[in-house]
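Chains as they are written, first to last, in the numbering used here: chain C, 1 to 159; chain B, 1 to 783; chain A, 1 to 439.
FYI, nobody ran anything at the bench for these hints, they're computed from the structure.
Heads up, a few of these hints could be off.
[As the list claims (entries may be wrong)] Subject to a maximum C-alpha distance of 30 Å in a straight line, what follows is the list of computed DSSO-like cross-link-like pairs (lysine-lysine):
{"#": "1", "chain 1": "B", "residue 1": "K63", "chain 2": "A", "residue 2": "K20"}
{"#": "2", "chain 1": "A", "residue 1": "K413", "chain 2": "C", "residue 2": "K146"}
{"#": "3", "chain 1": "C", "residue 1": "K21", "chain 2": "A", "residue 2": "K190"}
{"#": "4", "chain 1": "C", "residue 1": "K100", "chain 2": "C", "residue 2": "K71"}
{"#": "5", "chain 1": "C", "residue 1": "K107", "chain 2": "A", "residue 2": "K376"}
{"#": "6", "chain 1": "B", "residue 1": "K6", "chain 2": "C", "residue 2": "K107"}
{"#": "7", "chain 1": "A", "residue 1": "K35", "chain 2": "B", "residue 2": "K63"}
{"#": "8", "chain 1": "A", "residue 1": "K313", "chain 2": "B", "residue 2": "K60"}
{"#": "9", "chain 1": "B", "residue 1": "K6", "chain 2": "A", "residue 2": "K313"}
{"#": "10", "chain 1": "C", "residue 1": "K71", "chain 2": "B", "residue 2": "K557"}
{"#": "11", "chain 1": "C", "residue 1": "K157", "chain 2": "A", "residue 2": "K190"}
{"#": "12", "chain 1": "B", "residue 1": "K90", "chain 2": "B", "residue 2": "K133"}
{"#": "13", "chain 1": "C", "residue 1": "K21", "chain 2": "B", "residue 2": "K423"}
{"#": "14", "chain 1": "A", "residue 1": "K35", "chain 2": "A", "residue 2": "K190"}
[To be verified] Derived, one-sided and incomplete: chain A residues facing chain B with beta-carbon distance under 10 Å:
{"#": "15", "residue": "N50"}
{"#": "16", "residue": "E188"}
{"#": "17", "residue": "C351"}
{"#": "18", "residue": "M362"}
[As the list claims (entries may be wrong)] Just the calculated beta-carbon pair ranges, DEER-fashion:
{"#": "19", "chain 1": "B", "residue 1": "K187", "chain 2": "A", "residue 2": "G161", "range": "38 to 46 Å"}
{"#": "20", "chain 1": "B", "residue 1": "N751", "chain 2": "A", "residue 2": "W207", "range": "54 to 62 Å"}
{"#": "21", "chain 1": "B", "residue 1": "H135", "chain 2": "A", "residue 2": "K409", "range": "41 to 49 Å"}
Predicted model only: the values in this text are computed from it and were never measured.
Here a beta-carbon is modelled for each residue, glycine too, at the ideal position from N, C-alpha and C.
Residue strings, one per chain:
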Amino acid sequence: MRFSDQFEARFTEMLTHYPTKRSVLVPTLLYAQDEAGFLSDEVITEIAGRLDLTELDVRNVISYYSMLTTKPRGKFNVQVCRNISCLLRGADELIEHCEKKLGIAHKGTTPDGLFSFEEVECIGACSWAPAAQVNYDFHENLTAEKMDRILDEYRTKVQ
Amino acid sequence: MADSPKLVNLTVDGKPVSAPAGTLLIEACKNTGIEVPSFCYYPNLSLQGACRMCLVRVEKMPKLQTACTTGIAEGMVVVTDSDEIRQARKSMVEMLLGNHPLDCPVCDAGGECELQDMTFSYGAAESKFIELKQHRDEQQWSPVVYFDRPRCILCYRCVRVCGEGMDVWALGVDNRGAVSTIVPNQKDHLECEECGMCIDICPVGALTSGAYRYKTRPWEMKHVGTTCTHCADGCKTTLGVRRAETGMEIVRGDNRDKSGINGDFLCIKGRYGFDFCNNEDRLTQPLVRRGGRLVPATWEEAFEVIGKRFKSIVDREGGRAIGVIGSTRTTNEENYLLQKFARLLLGTNNIDHHRTADFPAFVAAIHGKSNATATMRDVYNAPAILLIGNDPTDEHPLLAWQIRNNVRLHNARLYIVNSRPIKLRRQATSFTQVPSEIDFTTFLGGDESRGSNVAREGWNTLREKLRAEQGLVIIFGSEIFGQGIQALAKFAASVPGAKLVCLGDYANSRGAADMGLYPDLLPGYSPISSAAKLHQEWKTLPEAPGMNIPQMFEAAKTGQLKALYVIGANPVGRLNILHSGLNNTFLVVQDMFLTETAALAEVVLPAANAYEKAGTFTNTCGDIQILKKAGDVTTTKPDFEMIVRIADAMGFDVHKLVPFGHGVHADMGQSRGAQSGEADQHSVWLEANGLEPKVSPFDPMAILDEIQRLVPGYDVSRLELMAGNDQHTSIAAMGSGSVQSPELIVPAKNNLFTSGTLGRYSRALNSVIENKDPEPAEEVSAD
Amino acid sequence: MAELVSHPDEVRVVAKRFGKGATNIDRYLELDGYKAVRKALGMQPDAIINEVKNSGLRGRGGAGFNTGLKWSFVPKQSAKPKYILCNGDESEPGTCKDRLIFEEDPHSVIEGVIIAGLAVGASSGYIYIRGEYRYLLEIMQKAIADAYAKGFLGKNIFGSGRDFEVYWHGGAGAYEVGEESALMESLEGKRGVPRIRPPFPAVVGLWGGPTVINNAETLASVPPIILGGAEWFANLGTPKNGGTRLFCLSGHVNKPGVYELPMGYNLKKMIYEVGGGIPNGRKLKAVVPGGSSCPLLTSEEIDLPMDFDTLMKAGSMLGSGGVVMVDDSTCMVKFALRIMKFYQHESCGWCIPCREGTDWLMKTLTRFHSGGGIRKDIDNIQYLSENMLGRTFCPLGDAAALPTISIVKKFRKEFEDHLEGRPCPFEKKGAVERLPVFA
Ligand SMILES: Cc1cc2nc3c(=O)[nH]c(=O)nc-3n(C[C@H](O)[C@H](O)[C@H](O)COP(=O)(O)O)c2cc1C
Ligand code: SF4
Ligand code: FES
């Protein structure tokens, strides 16, 4: 299992931040996922080993947090907020639009592995609703047209 | 003694209640007879506050409070029952029932389910929900553990008992919210000690056992509390029995009433390892060798054959020509009876057993010192423990549980000295790895030449630390014998309040030793010449020491030993003895199975096992406990009866062997004379407990009377014993012991999943072993 | 990245550096940055606590507990290290203010953490930021590094002879982790299941040490109090409700955005003047006054000052500052369902009433909204919510029950209008509901 140098440097540094090794677990898992795409068995074994935890412990933690996943997903994870402020400003329509446009439903991934789609809970963009995140990027005050443009931009990014 | 904690006074439901400071409200209520319901609260496990069933009203608090997490406080005013509280509890049950399958009629827990009871108490009968229940298929996590997810109410008891109690940590919680679920450590299966604690602690039928599931309804069983027949720790186990064609079949083992020295603990063997009883290979008829083959015979025929041969040998060559090997799994009464049979009737000291610890050296080392030995309960309460050798997690599961939980709940200090990094080191204050335990003990005893220079430095510090402990319990395994025990006892004497535990291996190996299954020691480790009381009582006793097991086999080879009588032992299989040497010896074996030894016998008698008879066992600490008859295979007999019948067939007066039927004095009363009323009560009581009253020659209690009278240290309260309580015998009060040859000690080397012959015939144990270590498929040869 | 707005009624205390490039430490210093902590270094701990206590600063995380009072619960002597924990898990629906603070003025949080540390005798602090806010975590990482580089953090801070460490920490998606004890569990690398209280975090918190947990906005309010004085701050608001707070206006409002208004600002004015009223000529039907956990107010109930005590009296809560306007085109059954879906999804699952209650409420509301409701459902929804209320292990259960109870009570007629197989009167194209999938 190899992570990037940046990951390793951050991991080593983080270990010095806390009195217990285990404390680095949650952020470490997310960083590991960012690099590996998802938390595979191999990643779990590696992290459990580094932190002297059982794999069961690590799995129990992973399954608790909604951003962590043990299944592969698309390169760009489109997460549209479905909570109240967004709902009031057209989240339903936006979600429907995305599903149609991408041809996938909640938790689905496009066949080319480029996009995944997910309805998510409040992402802290209520005053700029409706909102979505693609991976970690926020996109706000969305309309169907704006969403189309955004998705197209991501698509062209890989080419 | 530490200062006893201050009493705190509070009012519960208008009643004054007082309890020691630090008590939880739920416990304070329980102690006063006020039941506060709970699912997740479980004594001695970490607090959860998750099920919200224990909500009560505490004055001045705005919300209902959970009694399971609230500590009592002076002047607290509590209401545990009101409309508001009943409604709160009712709604919890309603919400649980929302998705809980109502398959109670086919659920193993039906009839003993806490959710059922709670539904009954709080009347959540009417369903509020019309949503479909989420079904999920049952999962098998191991040969013994099954999980039915929709039945789970997420009380987390299983997770905690596995982690905190067992230090196994094989269960966890996955996901969150409504889809939270208990999961095993290997995704879809368990890798663990298979103790089954999770199953018995489950308040509902979510975790069920492969050994019991779908076998019977709980109310169809009779429950008999007895003592486990596997390792030497002496757990109480409650056997659920049911009528079967062959008698009474044991279908379940547990200790849910938490009585006994083990509380709620049982390992896999105590819980599921009873099934050797029901193994189809079990001997159910006497076998007599005719034309070179063992063929079925009647009991009368079998006893006649044995009686005639034994008698003619004794008549012609004297008792010395017969050897007797006893068992580490028969009762004290049987062991005592057997050596009495050998010594008094046959007139020989040729008696021995499979020794797994050097008890004679132990008794010699602590002879005459009062309070020198610790009980199994002491191990849970001692402020400090020194464990030398052995791996209790594998070999003494209860002892390991006591140690672990003493550390966890009472902050005991655990010092481990071992040549291997055993699992208990995780609980240890200090772990010292040594090349040899015996070197270390002799060092402790003052022989400073032992060990390397480097090691000695560490040993010194450890010795000083140990000397500073008050109430140290020193536990040692079979790595320590002879001089080592002497040295250890010497060290113990230098530590105020220190007590010792010597670890032997089988359920009654301590009893076998105490009862004198030695060629040179009478019951209570008295050298043959020195037991005045026994000499007085028995009048004729053979003077010369007899042969030990290797000597017996040697004598058999040379033709000096004409007969060998083996009860519940398998020397040929277990002690690597060459069987060809037995060709000219008349071999009689009493056993449950056709073991390697039994297969060579002239007569094989089908024996009942410890779950099928009454009597007592003494565990490795010296705690004596009662056995009650649970199962029954009607065509077998207890060893006790068989010994008596053989004596009878030899033409002896069996009253000499078993003082039954007239004027026996017991502390529970007399069976004749002025106190006969008491005796009648005694009989009634014995009968009610499945024991035989002293009016028959097969009454083990008659022998227990004699043991209590003649074996020093066994004069424990009969009442307590009969009531199912453990009583500590005093080995230090016994005879002076003797020096034994260390080669005679052969550890059983049983682990968590093996149990000598019994284990070989336990399907539950074997299924677990196979599952853990699947053997490569055997090659099938083309025929 | 989040857009800034402004209004003349605003009183900028926490937001005074918003839009001014204060993420740059030098710029922050020009804008009075790190002055408060220098001042605090010269004060007695008790004096700091008193100043904060008297300022009437109440927790901006939702519960509104007096911050100085909370600090005073930390034992003076402790065998274990003490900690300051900044709660930046911001996940309450309708709330998006801590995000602006981290984005526009990260050093103000660091400064607040140090001052809190000086007050209670802690020498390290953690800033926990929700996982979704990755870019803010990066901003914070840089801010912390810059503060270290200047000697404001680490050994001998500001040459005072005192040491103080601040660490960043990122979450990974869980609302419940915002609950203070679950937050500590999460920081310790565990599942975000709350802890039993007592002991309270002020006594036994992170790794067993006494811990002060405060919301990011609360901590960002501390430096101005130290600089401006308790009295000045207290006078900005209403009695017992000192200062200003960031109100996040969202939903059916013309000018959504985060505005810093004095405590006690009139809600009606906030909606119609600051927020510019309801769009599309619609009428206001209801308001969520402080994030989705709060009971809703109807349009008749909004003429009141926005402070903790008044809202409590009005049967609701000031909560976390998320003010969500709901117009009359909205189906309140659907709104209730939407809220319940959230709590069902976010319940940690630890305790029965919340785990089972939210699940059953969500399922019932789903069926009900899609036309399958029966009359007894309405009472059942009410019954279940009332039986969750006050009986769960942590306040998430209450957060799910309270808005639901208020919606059923205040908009019961809308529930009745859904009965007998009638389609949702507000849904243009019929009900579209899906049960959520949780992997
Ligand atoms: C379910 C739940 C979620 C919470 N989420 C947050 C949160 O995201 N941010 C926050 O600051 N406080 C949150 N809180 C409140 C915290 O528990 C805690 O009261 C607060 O961080 C204390 O800081 P304060 O006194 O400065 O408000 C939450 C509480 C509950 C019950
Ligand atoms: S109320 Fe109970 S289940 Fe819900 S989040 Fe709190 S502890 Fe978890
Ligand atoms: S409701 Fe969508 S970002 Fe908050």
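Okay, the hints, checked on the actual structure:
Using a Cα cut-off of 30 Å, the hinted pair B/K63 and A/K20 is violated, with the two alpha carbons roughly 47 Å apart. Between A/K413 and C/K146 the CA atoms are separated by roughly 38 Å; this puts the pair beyond 30 Å, and the hint is violated. Between the alpha carbons of C/K21 and A/K190 the distance comes to roughly 12 Å, so the proposed pair stays at or under 30 Å and holds. Using a Cα cut-off of 30 Å, the hinted pair C/K100 and C/K71 holds, with the two alpha carbons roughly 23 Å apart.
Taking the CA atoms of C/K107 and A/K376, the gap is near 34 Å; set against the 30 Å cutoff, the hint is violated. For the given pair, B/K6 sits about 59 Å from C/K107 by alpha-carbon distance, which is inconsistent with the 30 Å threshold. Taking the CA atoms of A/K35 and B/K63, the gap is near 44 Å; set against the 30 Å cutoff, the hint is violated. Only pairs whose Cα atoms come within 30 Å are accepted, and A/K313 paired with B/K60 is accepted, the gap being roughly 21 Å.
For the proposed pair B/K6 and A/K313, the alpha carbon gap of about 43 Å is over 30 Å, so the pair is violated. Under the criterion of a C-alpha separation no larger than 30 Å, the hint pairing C/K71 with B/K557 is inconsistent with the structure, at around 70 Å. For the hint linking C/K157 to A/K190, the alpha-carbon distance of about 37 Å lies beyond 30 Å, and the restraint is violated. For the proposed pair B/K90 and B/K133, the alpha carbon gap of about 20 Å is at most 30 Å, so the pair holds.
Restraint check for C/K21 and B/K423: satisfied, since their Cα atoms lie roughly 22 Å apart, inside the 30 Å limit. A distance of roughly 37 Å separates the Cα atoms of A/K35 and A/K190; the hinted pair therefore is violated under the 30 Å criterion. Because the smallest distance between the Cβ of A/N50 and any Cβ of chain B comes to about 28 Å, over 10 Å, the interface hint for this residue is violated. Interface hint at A/E188: violated, since its Cβ lies 15 Å from the closest Cβ of chain B, which is beyond the 10 Å cut-off.
Checking A/C351 against chain B: minimum C-beta separation of about 5 Å stays under 10 Å; hint holds. Interface hint at A/M362: satisfied, since its Cβ lies 8 Å from the closest Cβ of chain B, which is below the 10 Å cut-off. A C-beta distance of roughly 54 Å is found between B/K187 and A/G161, which places it outside the suggested range of 38 to 46 Å. Roughly 38 Å separates the CB atoms of B/N751 and A/W207, a value that falls outside the hinted 54 to 62 Å.
One distance hint, 41 to 49 Å for the beta-carbon pair B/H135 and A/K409, is violated here, with the actual separation near 35 Å.
Of the hints listed earlier, those the structure fails to meet are numbers 1, 2, 5, 6, 7, 9, 10, 11, 14, 15, 16, 19, 20, 21, in rising order.
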